[in-house]
Structure formats: C-alpha cells, structure tokens
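Colleague: Here's the letter readout for the chains.
2 protein chains.
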Amino acid sequence: MNGARSLVETLLRSGVDTCFANPGTSEMHFVAALDQSAGMRCVLGLQENVVTGMADGYYRIAGKPACTLLHCGPGLANGLGNLHNARRARSGIVNIVGDQATYHRPLDAPLTADTEGLARTVSGWLRTCTKSMDVGRDAAAAVQAALTGAGQIATLILPSDASWNEGGVVGNPLPTSLPAAADPHAIETAARVLRESKSVLLLLAGRAVLSEAQALAWRISQATGASLMADYVTAHLARGRGRLQLERVPYNTDMALEALRRFDHIVLVNAKPPVGFFAYPGKPSTQYREDAELHVLTRPDQDPVPALDMLVRLLQAQEVAIPDPGPRPTVASGPPSPDKLACTLAALMPENAIVSDESISYGRGFYRHTHAAPAHDWLHLAGGAIGDGLPVATGAAIGAGGQRRVISLQADGSAMYSLQSLWTQARESLPNTTILLNNRRYAILVGEYGSVGATPGPTAMSMLDLGDPLISWTKLANGMGVEAARAETMEECADLMAFSFGQPGPFLIELMTST
Amino acid sequence: MNGARSLVETLLRSGVDTCFANPGTSEMHFVAALDQSAGMRCVLGLQENVVTGMADGYYRIAGKPACTLLHCGPGLANGLGNLHNARRARSGIVNIVGDQATYHRPLDAPLTADTEGLARTVSGWLRTCTKSMDVGRDAAAAVQAALTGAGQIATLILPSDASWNEGGVVGNPLPTSLPAAADPHAIETAARVLRESKSVLLLLAGRAVLSEAQALAWRISQATGASLMADYVTAHLARGRGRLQLERVPYNTDMALEALRRFDHIVLVNAKPPVGFFAYPGKPSTQYREDAELHVLTRPDQDPVPALDMLVRLLQAQEVAIPDPGPRPTVASGPPSPDKLACTLAALMPENAIVSDESISYGRGFYRHTHAAPAHDWLHLAGGAIGDGLPVATGAAIGAGGQRRVISLQADGSAMYSLQSLWTQARESLPNTTILLNNRRYAILVGEYGSVGATPGPTAMSMLDLGDPLISWTKLANGMGVEAARAETMEECADLMAFSFGQPGPFLIELMTST
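Protein chains in written order, with the working numbering: chain Z, 1 to 515; chain G, 516 to 1030.
Read the hints as simulated data drawn from the structure, not as lab findings.
The C-beta atom is built at its ideal place from N, Cα and C for all residues, glycine as well.
Some clues are possibly wrong.
What the hints assert, rightly or not - Distance ranges between label pairs, derived from CB positions:
1) G/P865 x Z/G467: 25 to 33 Å
2) Z/E166 x G/S977: 20 to 28 Å
3) Z/R440 x G/P799: 33 to 41 Å
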C-alpha cells in the first residue's frame, strides 16, 4: 500500500469521510486512492477558498472535521482567507496539502513555496510527513489535533514521494480529548458576582450559544437578573422558537459601548473580552467600561455546559421555560428592506433550516424578526475575511447530509469573492437557496468612511461602487448551472423563496436592494 | 498631512502612478487621499488575486511597478497566489497592506492575522511602518526595493493609525540601482565554451528573451553553431516577425530530457538550471544530462544585454539578420484544434499585440504557427499557480495605456480562479479579448495521472471533470458586463476575433474545444 492509500484508509478509520478538494499533480495518488478505498465522499471546489470554506461550514453543522486536499503552497495560499475564518470560528479541519517531492523541493521548481510558513499562519497543528510509512501515523495525529479543544486547523503537508512510495501503514485512531473542564474557582467567582451585583452580563460565545448552554444561561439570568448577550464574533448560533432571542454585541463601536456600559461585571462564557473590529481615531479599542470587571467562566477551548450547569446548582436557579417568541411574522410586500426580508424569511423558513449570513451591513437587524421562525441554526462570518458565506453554506449543506435547507443571506461584494461555490452546489444538487442582496456597492465601507474620520471624494467613492458595470447575479448563477431569478419586490422574493424551498436543488434569488 | 496622504504623494513622486486595489476599513484614509493628490489611477479588483495579478501584468508591460492596496492579513492572503506568480516572474510590485492600528493589534480583533508572516513568503523586501512621519520614507524605500535587480515584491504594511495620524512627510525618491553587471570571467568562460564545443545551448530567460538580447544571442548562435532555447518558466517573451522563433524547454519531463540531452554545455543567460515542474516516480529531477556542464553567463538579477554584447565582441560574431518567418498563416476552418487556433490568431492578430497565455495543456504548440504574426509580446504563467492569465491580461492592458490589444488564451479551469477580472475589464473599458478554451476538464491533470504512475478510477476522474454542470462562459462574462459569444467552429472563432479586435472594449469568445 502506498502512502496515499494509507492516508485515505486512516482518515476513514478515524471518522473523516468527507474530502473537499482541488487537487493537482502532487495529489494524484491521493485522488487515485479514492477509488481503492470506499467511503470517502470527495467534493470538488473550483478555487481553494471555496474548498476551505466548505470544510468550515461542514464542521459547524456536522460537528466533526472533513479533510481538504490542496495543491502545494500556492493552492494553500488561495484557501487561506477562509482558513483564517475557520480558525476564528474554531472549526476543526484536517487540512491536507500535497507538495513537491522531498528530493525535488531543494531545486526550487516554479510551484515551490514556503508551504510551512503559509500553513503556520492559520494552523493549530502542523506537520510535514516525509516518509510513506509515517503517513498513516501522522494522519491519525492530524485528526486528533483537529478535534482538540473547540476544534482547530491541523495541517498535514504531504510531499508527493511520501504519497506514492510503498510501505504505507494504516494509522490507528487516536483518543480525542474532551474539552477541558472549567476551573471550580472560576465557577465560584461567577456565582458570587451574580449573587452580589445587579449589573452583570453573561457574554456567550462558541458552544455557549448552542441550545443546551442557552437553556442553562436563561435559568441563571432569570434567577439573578443578569443580562445575556452573544459575542459579535459568533460562528454558529442556535436560534428561533425554543431558543433565546440573544442579541450580539453590536459591530459599531459607539453602539457597542452604549450596549455594554451599564455592566459592572462581564462574565465571559467561551467569549473573549469585547473589542472593536477595528480601531477608530479617538475611540477606545475595548468596548466595555474601563472600570468594569471581567471574569472568565470558561475559555473558548472549554466546554461551557458543565460550568453553566454547576453555576445553576450553586445559584439554585430554577427550571424556567424559554419565552414564547409570539406569532410567526407574515410575508412582507412592496420594496425590499432588511426588516421585510427578515419577516418574510421567518414566515417561510422550513423547519430546521440553516442560515449562512454574510449579509454584512444589510443584515444587522435580521435577528429581531427571525426569532419567531421555527428552530434553526445561524452561521456568521467569524473572522471578518469576506467570502465565506457561499462556501460555508455549501459545506453546511453537505454536513447536514443534504437533509436541511440552507439559506444564504449574501451581500454582493462578498459573494464575488467565492462565487465558484455555486457550481459545487449545482454539481452536488445541494438544497441551497441563496438570497443575493444586490445593492451594487461595498455598503459597509461607505459607513466606515465616517467612522474613521476620512472625507471621501469622487475617486474614493468610486472604489466602493460595484454598479458600473452592473453585475447580473442571475446570469452568473445560470452560468454555473444554478437556476436563478431576480426579485424587485418582496412579493416576488417571497414567491421565489417558497418555490425554492420546495425544490431539492440549489436556487439563487437576486434581490435588488437600495441600501 | 496625514500618513496616507504622504504615502500617495511619495508614490507619485517616485513614479508609481497606478494602484490596483481592494480596500477595506483600514485603507479608507489612503482611498480618501486619492482625491487630494491628483495623478494616481486607482483600479478596483473584486478579489485580491485579481488585484495582485493585475499588478504583475502591469509591470511586465509598463516596465515599472504599480502599487497594490490590500486589506489586512486575510486580504493579502487572498492575493498570495498571484504574488507567488509575480515573484517567479520577477515583477516589481509595491505591495501595500493596510492593517490594524498599532495599539489595536494586541487585542486580537477578528481580522488580525500574521500579516508579516504571510507577506514574508512572497516578498523580497518587507517593512511594517508604525509612525505617520515614517510613511513617506518607507514608501520611497519600497519603490526602490521593487526596482532592485530584475524586480521584486516590496511589501509595506501600514497600520491604520500610521495612515490617519498627522505628521506625514513626503519621501524623496531614492536612487534605483541598475541590474548588476556580469562577471568578466563568466563571459570569458562562456566564450571559450562556445569556441571549443560543438554542443552548446544558450538557455535564455528573463530579460534575455526580449528583443535586444535575442538579436545578440542570434549572432552568437550563428557564429558558433550554438543552439538557443528559452526556459520553460518565462514570464515575458518578445515574439513574432523580427524576433527569434525561440522554443521553450518542454514541460513534459521526457520531452525535456530528450530536448536537452544532446548538449555537453548549457550556458545560462538569466536562466536557472532546468528542472522538472514536478518530480515523477523513477524520473530524474533535473532535465539536462548528468555529465553536462552548466555555466552561468548572467544570473536572473543581472542585465544580460551587456554580457551578450561582450560575448559577441569576444567571438567576433557578425551582425546577422533574424530569419524571415515566412508567410503569415491564414484563418483556419472546421472544428477547433490548437494548431488551427494558433494559425487563426497569427492571421488576425493586430500589430503590437500582447498575448496572455494561460492555455495550460491546450497551448503547448502555439509558438510554431504564431511566429509569422506581427511582432508581439507573449506573457506566460511563471509560477505555476493557476489563475494569473485573466488578471495579468487586465493589468497588461492598463500597463500599455489601453493602446494595445491584449489577447488571453485562457483555459477554463484556470479562468475560474480569477474570473472577477472580467468585471474590471468592463469597468475600465479595456482592449482585452479573451479566447476561453472551454474543454470542460482539468485536462493537464488527466495527462499527469499517467506521468505519476497512478491509475485513476471513476471517482478520481470525476475530480478532473468540469462538465457537470456545464459552465457557460458566455453567461459568466455577460453577468460581469463583458460582451461574449460562443464559437463551435474556427470560422465562428475567426469572425468573433476579427470583430473583437475592431472594438475598443473587452470581449470574450467561448471556444468549445474537445481536447
């Protein structure tokens, strides 16, 4: 058995059965091994940022890592943007990068690059395997690493001779460690603060915004009067009926300062101290009051559920039902607006849907009206590198086994970064609905001008304009085999949403918006 | 004056008047400064690999660097693939990366990344400027660095507070060094070898494949019987009537070995020793005979013209005209083939055109029939990271001031990597004609299977297939505002080429090919 075959067999034995790939010459033996070892689903992406973004979305929904297959340093480089996002989302990914043969690398052939240097910028674990007999062992270690803590990127670089040489040995799965337990002192401190102070915020992130932790946090909040909020940087939130109406810390620094300034204490539950996405002249970098006390209940790599559970006991917090969100909104009409889109989405969203939200500035208020929708999962851009929305949606659909509708709320400027995702949606006949918010500009940056205190003239404004020439998303989707239609009104948008939700495959709605 | 304004002013004073950009919040002050300082042409690309690839193409044709404007580490990461190619092409680029404010960076906001670590993988010069008063000085140094040797990537990382703070000082242009002179001993050695041996190859690369060096190399070849060849990795070749019919060392290892094995001596003129693009099991990594002697006439960072000129004198090589290439080919008909496309291109190509060739496997024989076309420049993918063809063509059109027709010979799989280029071509009304070779597969990899000794099954072959769903390049181009049409025959292709060459703006011909 060659190294490549031992790699595929080891991955399968370790529970990794999905591979997002854009292979090249140095990966041909891995690709060939797919036909010898049954069970690995291989999904092609037409650019590596699509590949890595799909692996991120897959992890968020499947809760286990997929592997990628990338071609040399430059192929890895193309996928780094979404690996950055995946790192911020704490997604576990077994990131496999084929590379020059060990003896060929010193000759500096054209595609030779600093593969390890590139990988190091996003990886929690990194190894270059130089011998075919070590490939299985190293692949098992990579899977173990990807599942460590809350999940991380484990990059295995595989020179082509390690793939093609004989002597491969299938690696045994390695034990995966449970997330670390919280410090008992941290739990006691949080309990004391929650008992003694009337202005406490439990700031939730990571696994603490999923259903189980939400229910516990709600009991604590009801017993103590503490407020609950989600971190702005939240990759995956459980939302809708039966879940909390958790608002995120606002993106805008002034609004974030306003939202947080009443708190004397902030208890961080898998969250980091809230800081601005960017610095702005004359404004603070941190978003909480200078004299507020921060307490860590659980770090991002820890499991929040046992810690919250212990807190519930210490506080003797009673079981309390999560409040009913009230009636489901109805379909809106007339010219599109963010609120109307949120209502229409809430009205029509199927049970157990997944929302991939890269709506950027347009969707800052989507939460309010979608709370009364059926229970769903909401995925956000966690690392701020635009272009994750469509690949994450595509990978999420695969992570859900094609059984759940995935709805992309997708800004146009960001969509252009990884539009090739649509082709994979068509190729795999995935249940993806993209609502493409075509506002013909980088709207967020128009707002950012004011915040940084710069005065844009006509040249500057033209750098934020996507309207000349107009981009037709209907044509782009059709060009990649995805059925699509344009909506100018909410009635048209609602009809297309209802139509798409009833179809098995992908669909794109180009919603013409003015903001 | 703030730091951003001093940056723009310094760039202009140093001769950098074109900026390829995809800005974000941390670059808003640079963008705002564009309206205060006249003279900087700012070209928007909708993904950073388009931005960096345009800067590469611009340098190859304009012969001077443009600057880029990229957003934080992840924006840089998105553009690394084509920066890798630009590094291999030895293109000079002033690569400007905005980043988190100096005091904000330690807080690890979501977009924070190892910007220096990413930049180091492709940059010949790298500096992070932390004070507004240093920005002008550092920008002048970056331009100087970009022009050093044959050209290199100079990355200037600019935290946002260095941009927005007052105290900026315009930097004075710094002297740029001429390329290093060749070692006289190297020239004497080459002369001796050329006099004494009957099996000498002058292997040309970099500036040695442009017109002036070609004429000198031809005289040497005629006086001594030496053979001439271009390196496979050649970013920019002068071709057509009045230039040499230089063949490149073949991509295929067996063919390269065959082409080079008759030579006892290889004189490297800005070329590196020829090695395989990849290693293949059981095949040598180097492509020349083991006992062949290699001699360096000029390193890639040296100017080959004075060295070749000196060699001409030492050898008393007479002035000899470059042979006439014979009659210009005529337009072909019937089903498309690579030879027919080359003939048709040669028949119709306007004077002084630029060809951006990312035809990959389809175009390996294009040289033979295009030699009798009018003089033109031919640009190749130098670093092997696919996706440079369309951005390089776009940047080349801008580098030529919109005065020369730029013809892309573009494979479909590679085109998908940076298709956003088409939007910039439309927005800037550039004279780009894209001949999109739609063969619906990664054809090169089908060939590579055999070379690496792997046996592809149906799963493996499906990873190389782009035909399900079919990609309509006509729709994709239209969707980005570029007029386009499909050609099934060479007659249709020729008609569309003739039409497009007569138009001022961009056009895409989707040529349906079977190989």
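Colleague: Evaluate each hint against the coordinates.
Modeller: Hints and how they fare:
Our hint of 25 to 33 Å for G/P865 and Z/G467 holds, since their Cβ atoms are close to 32 Å apart. The beta-carbon spacing between Z/E166 and G/S977, approximately 26 Å, falls within the hinted interval of 20 to 28 Å. Evaluation of the 33 to 41 Å hint for Z/R440 and G/P799 yields a failure: the beta carbon distance comes to about 55 Å.
Hint 3 alone, counting from the list given before, is not met by this structure.
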